[in-house]
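**Student:** Spelled out from the first residue to the last, the chains are:
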Amino acid sequence: MKRVVIVGAGEVGYYIARRLAAENKEVIVIDRNPDVLNRCENLLDVQPILGSGNDPQILLESGVKEADLFLAVTNSDETNIISSFFAGVLAPEVVKLARIRSEMYHGISREILSRELKIDMIINPEEEAVKTVTRLLSVPDAEDVGEFAGGRIKLLGLRIDQCSPFVGRTIADIRAASGGLPFIIGVIFRDECTIIPTGGDIIRENDLIYVACERGILREVLGFFRCAPRDAKNIMIIGGGRFGLKLAHTLESKNYGVKIVEKDLRRCEELSAVLNRAVVINGDGTDWDLLLEENIHHMDVVISATGDDGTNILCSLLAKKTGEARTITRVNRFAYIPMMSAVGLGNIVSSRLAAINTILQFVRRGRVVSAIALKGENVEVLEVVAEAKSGIIGKPLKDIKFPRGVLILCVFREDQTHIPTGDTVIEPGDRVVILTTRQGISAVERELMVKMKR
Amino acid sequence: MQWGYISKALGGLFISISLTMIFPMVAGLWYSDSSVGPLIKSMVVGLVGGFLLFALGCKSGIVTLGHREGMAIVTLGWIGAGLIGALPFYFSHTFDTFIDSFFESVSGFTTTGASVMTDIESTAPGILFWRSFTHWLGGMGIIVFSLAILPFLGAGGMQLYKAEVPSPVPDKLRPRIRDTALLLWKVYLLFTVLETVLLMFGGMNLYDALCHTFGTLATGGFSTKNASIAHFQSAYVDGVIIFFMFVAGVNFSLHYQLLTGKPRKMLQNSEFRFFCFLVMLFVVITTFAVYKDSYGSIPEALRYSMFQVISIITTTGYATADYETWPFLPQAILFMCMFIGACAGSTGGGMKCMRIMLLLKHGYRELFRLIHPHGVSQVKLHGQQVPQDIVSSVLGFFVFYILLYCTGVLLVAATRVDVLTSIASVAATIGNIGPGLGTVGPAENYSHMPWMAKWILAFCMILGRLEIFTVIILFIPEFWRK
Chain A
2 MKRVVIVGAG EVGYYIARRL AAENKEVIVI DRNPDVLNRC ENLLDVQPIL GSGNDPQILL
62 ESGVKEADLF LAVTNSDETN IISSFFAGVL APEVVKLARI RSEMYHGISR EILSRELKID
122 MIINPEEEAV KTVTRLLSVP DAEDVGEFAG GRIKLLGLRI DQCSPFVGRT IADIRAASGG
182 LPFIIGVIFR DECTIIPTGG DIIRENDLIY VACERGILRE VLGFFRCAPR DAKNIMIIGG
242 GRFGLKLAHT LESKNYGVKI VEKDLRRCEE LSAVLNRAVV INGDGTDWDL LLEENIHHMD
302 VVISATGDDG TNILCSLLAK KTGEARTITR VNRFAYIPMM SAVGLGNIVS SRLAAINTIL
362 QFVRRGRVVS AIALKGENVE VLEVVAEAKS GIIGKPLKDI KFPRGVLILC VFREDQTHIP
422 TGDTVIEPGD RVVILTTRQG ISAVERELMV KMKR
Chain B
2 MQWGYISKAL GGLFISISLT MIFPMVAGLW YSDSSVGPLI KSMVVGLVGG FLLFALGCKS
62 GIVTLGHREG MAIVTLGWIG AGLIGALPFY FSHTFDTFID SFFESVSGFT TTGASVMTDI
122 ESTAPGILFW RSFTHWLGGM GIIVFSLAIL PFLGAGGMQL YKAEVPSPVP DKLRPRIRDT
182 ALLLWKVYLL FTVLETVLLM FGGMNLYDAL CHTFGTLATG GFSTKNASIA HFQSAYVDGV
242 IIFFMFVAGV NFSLHYQLLT GKPRKMLQNS EFRFFCFLVM LFVVITTFAV YKDSYGSIPE
302 ALRYSMFQVI SIITTTGYAT ADYETWPFLP QAILFMCMFI GACAGSTGGG MKCMRIMLLL
362 KHGYRELFRL IHPHGVSQVK LHGQQVPQDI VSSVLGFFVF YILLYCTGVL LVAATRVDVL
422 TSIASVAATI GNIGPGLGTV GPAENYSHMP WMAKWILAFC MILGRLEIFT VIILFIPEFW
482 RK
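Chains A and B supply the protein sequences, listed in that same order.
The working numbering numbers the first residue of the first sequence as 2 and each following residue consecutively.
The working numbering numbers the first residue of the second sequence as 2 and each following residue consecutively.
A couple of the hints might just be wrong.
As the list claims (entries may be wrong) - Below, a list of computed lysine-lysine pairs in the BS3-like style, where the Cα atoms sit at most 25 Å apart:
1) B:Lys-163 - A:Lys-26
2) B:Lys-187 - A:Lys-66
3) A:Lys-3 - B:Lys-293
4) A:Lys-66 - B:Lys-263
5) B:Lys-163 - A:Lys-66
To be verified - Here are a few chain A residues that face chain B, going by a calculated C-beta distance under 8 Å:
6) Glu-24
7) Glu-27
8) Val-28
9) Asp-46
10) Gln-48
11) Met-340
12) Met-341
To be verified - Computed beta-carbon distance windows for the label pairs:
13) B:Glu-367 - A:Arg-111: 34 to 42 Å
14) B:Gly-262 - A:Ala-444: 20 to 28 Å
15) A:Ile-203 - B:Asp-390: 51 to 59 Å
16) B:Gly-262 - A:Asn-76: 36 to 44 Å
In case anyone wonders, no lab produced these hints; they're calculated from the structure.
Idealized CB from N, CA, C, for every residue including glycine.
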């Protein structure tokens, strides 16, 4: 894949353009707003085109005919649908992806869209964000959770607090202490630094470490890292917008006890009409007395899901203060994301970030089975199929010279998963989970001969 | 300021420039002249300097390059290139003083073509080759050159590109800046091969053909002969050079469009049409003005006036006639041409036709508003409205150009140079033309200028080549404030 046309240079479009341009793809960005285009032009090596993605003339000018991938990610569903339609007419070969948010275009209309307009993927950011939340809920106390091999491998982001016994110990010590528990520490985030650890690296207080392990031994691993496993039962959702409703709907169908707090009475009525078991409460999420009245201190999880970042942060901080509840905070503005763990709100969900991750997974489709980005965008985890020509085949891992910042997290073969050691030998056809820094992606492509291109 | 990255980028740039000295060395070896030793010496000095800078900054990681860093890299890069380029002249004792070497080298890189060399033909061929080769490197831009060959510049490439090629309406041929740079160089290379072959058909040897091609396509003006193009006394050679000077004065993106089978893009481009119109107008007036007094026949007059008008308006500066013996009107026209210059995105200098065109359109709009105080009108280009900030940046550019020009004239006059020469020499250097009027006319050169004047004029050349703002901004205290 070489050339990508992106319609919409908003936050989603901008970040995808940035990621792809950094990987040496030819990126063309179309937007109607000259200001956001200017930002693209000044900061990224992409070609900006001023105009509407709905305009076939503009699409032709963007060279959509030679493009491999067409992403319509503006704020407007209709623009995305129409530009995908025109792109499909002009370039029948191009792979199309559209961001569509409105409920109206779901269900049957979604089928029509993908069948008749041949949109290869329709992405709904709220839906992706709901998936993020359910993933987070599946592992207690993890700050971030990724899944591979259909959920058999979990990648857990764990925060090391000051009372952890591992503070000041090296990775090798921890390995020794684990008594052969098969897990691997893939990456350490410390302040702004990203460390791909070797045995000699020392864990410090407040590090965020990512641990890969099999689903079956999740509890043992969590227990080993002294993260008390505690099941979530009662969940309070603050904010009953599009995202809140979708979330409540999904969670109640998974047998959680759900309470949803919404300010607007009219909206509450709508919510109660749609939801079955969930309790709908009319009130302000920042109203202390109301929250106490509704037993916020007995909640296992509080999810702040309003459309306003400030309100969400405030609600989560309030909830943290009252009880033991775990909080999940919805963040819209990217600029806030790095600051969230500084105020103690580690678990976040962002519909835009979720959408970006899903789009990137889609972009990497092909030999890469799935991919996720950790902590914004510095590190990526790729699940790839090892090809026969690949440089990682046939030798024990300890004898292979890996590019900097690249680590193999996990290997699976014929339904068997292995957390690799230095003696593991990879065979052709194995699926391999590789963790790499952003700079390492091209090295992975080149040296490990795992082709990501279609 | 991210000095680490700046130093790394400059190091890379200097290394690549030094390495290109291999080409003049080949010429020197072929003619087995005395230039090989000095060239090797210069190359080693350039490489050591480059590697030192590169090593200083090699730890700096991937950063987002701001436009301030971009401007600093470009300006310092051009000054540094001038210094490295001066070394072969200095080491080979072509000139007695370093300022003469620096003047010649800057004049080469900025494609000015103003020379301080009095006897060209007795200089070693290797040195002369380097002199013309600096034109060729500088013509498409040393930054565009390094963008094409140095992959690590990729991330901040756009900032560098915009600082070196400050076109009022930028166009990017390909999504990635490196691909754009490569394409432009390919087009440039293609024209180079073409012109060299055509000149060789006219009886030139490979060496002369190459050197004159470098001088033409870069709109430079250095020749290997004392009498410049007039030396060849051939209408064919004149014709080939006229054609390629004109080609070099047109936006290279348009050439690319033409070569990829989109000739309408070129024919419908309003700047290209404006440029053609100006050239034709000036050629016709000049032909009629010189035909009576200087030449007996119209074809003869057309040949020389066409050569001279195109040579000056594209800011090349080759001469087949001493236009100072012409009547005053054509001289005045040529002087105006020095300010107008070629198209944006070409290898030529001057204020650029695009800006003149936008200025005229803006001026007309002001008149329109005086007639219809409630009228609404926009400055338009290709049927589209030109944003107001582009129009005001063009106005700003014009003001600064004239302001700096006047300052330059005053400073040169302060070094006891006569008024006509001061006026013409600054116009000819800030516009990257080369020959001026007075004592720096096409039949003379700059060697007699006082050393202070040479520094001032060398600075004017860099100012003009980088189109004022990129350079002048470094002298504003606000630029350095954290």
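**Student:** Each hint: holds or not?
**Tutor:** Here's how the hints hold up against the structure:
no.: 1; hint: B:Lys-163 - A:Lys-26; result: holds (21 Å)
no.: 2; hint: B:Lys-187 - A:Lys-66; result: holds (24 Å)
no.: 3; hint: A:Lys-3 - B:Lys-293; result: violated (62 Å)
no.: 4; hint: A:Lys-66 - B:Lys-263; result: holds (17 Å)
no.: 5; hint: B:Lys-163 - A:Lys-66; result: violated (28 Å)
no.: 6; hint: Glu-24; result: violated (11 Å)
no.: 7; hint: Glu-27; result: holds (4 Å)
no.: 8; hint: Val-28; result: holds (5 Å)
no.: 9; hint: Asp-46; result: holds (5 Å)
no.: 10; hint: Gln-48; result: holds (4 Å)
no.: 11; hint: Met-340; result: violated (20 Å)
no.: 12; hint: Met-341; result: violated (23 Å)
no.: 13; hint: B:Glu-367 - A:Arg-111: 34 to 42 Å; result: violated (55 Å)
no.: 14; hint: B:Gly-262 - A:Ala-444: 20 to 28 Å; result: violated (38 Å)
no.: 15; hint: A:Ile-203 - B:Asp-390: 51 to 59 Å; result: holds (53 Å)
no.: 16; hint: B:Gly-262 - A:Asn-76: 36 to 44 Å; result: holds (38 Å)
In summary, the structure is inconsistent with hints 3, 5, 6, 11, 12, 13, 14 from the numbered list given earlier, while agreeing with the others.
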